[in-house]
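Q: Sequence:
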Amino acid sequence: MLLLASTLVGPVSRAEIIRIDGSGLAGKVVKPAHAPRRGMSKARVVKQFGPPSERTAPVGNPPISSWKYPGFRVYFERDRVIHAVKE
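The opening position of the sequence shown corresponds to residue 1 in the numbering used here, with each subsequent residue numbered one higher.
I should point out that these hints are in silico values taken from the structure, not numbers from a laboratory. Hints are supplied without guarantee of correctness; some may be wrong.
[Stated by the list, open to error] Straight-line alpha carbon distances no greater than 20 Å define the calculated EDC-like cross-link-like pairs of lysine to aspartate or glutamate that follow:
hint : residue 1 : residue 2
1    : Lys42     : Glu54
2    : Lys42     : Glu77
3    : Lys47     : Asp79
4    : Lys68     : Asp79
5    : Lys47     : Glu77
6    : Lys42     : Asp79
7    : Lys68     : Glu87
Build the full structure now, drawing on both the sequences and the hints.
A: Structural data, given as structure tokens:
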């Protein structure tokens, strides 16, 4: 029976978990009127908000990076905004 159960289990999936700044994002999401909206490109963020004061290098797969602005930080997956959080 144990042998049969082990053959019915499908392939195992793996995921990479990245902690950002040692804390979760819950309760810190900035309203879209005050920060870039999800899905915006990096070029559009620079056009609308100017250059960031700080940039972090991409980490992980998919690559996640962030840009710091006064009062908030923007997180990108590749070239697109995934979150903007209060600092």
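Q: Give a verdict on every hint.
A: Quick rundown of the hints versus the structure:
1. Lys42 <-> Glu54: holds (14 Å)
2. Lys42 <-> Glu77: holds (10 Å)
3. Lys47 <-> Asp79: holds (14 Å)
4. Lys68 <-> Asp79: holds (15 Å)
5. Lys47 <-> Glu77: holds (18 Å)
6. Lys42 <-> Asp79: holds (6 Å)
7. Lys68 <-> Glu87: holds (9 Å)
Going down the numbered hints, you'll see the structure goes against none, and every one checks out.
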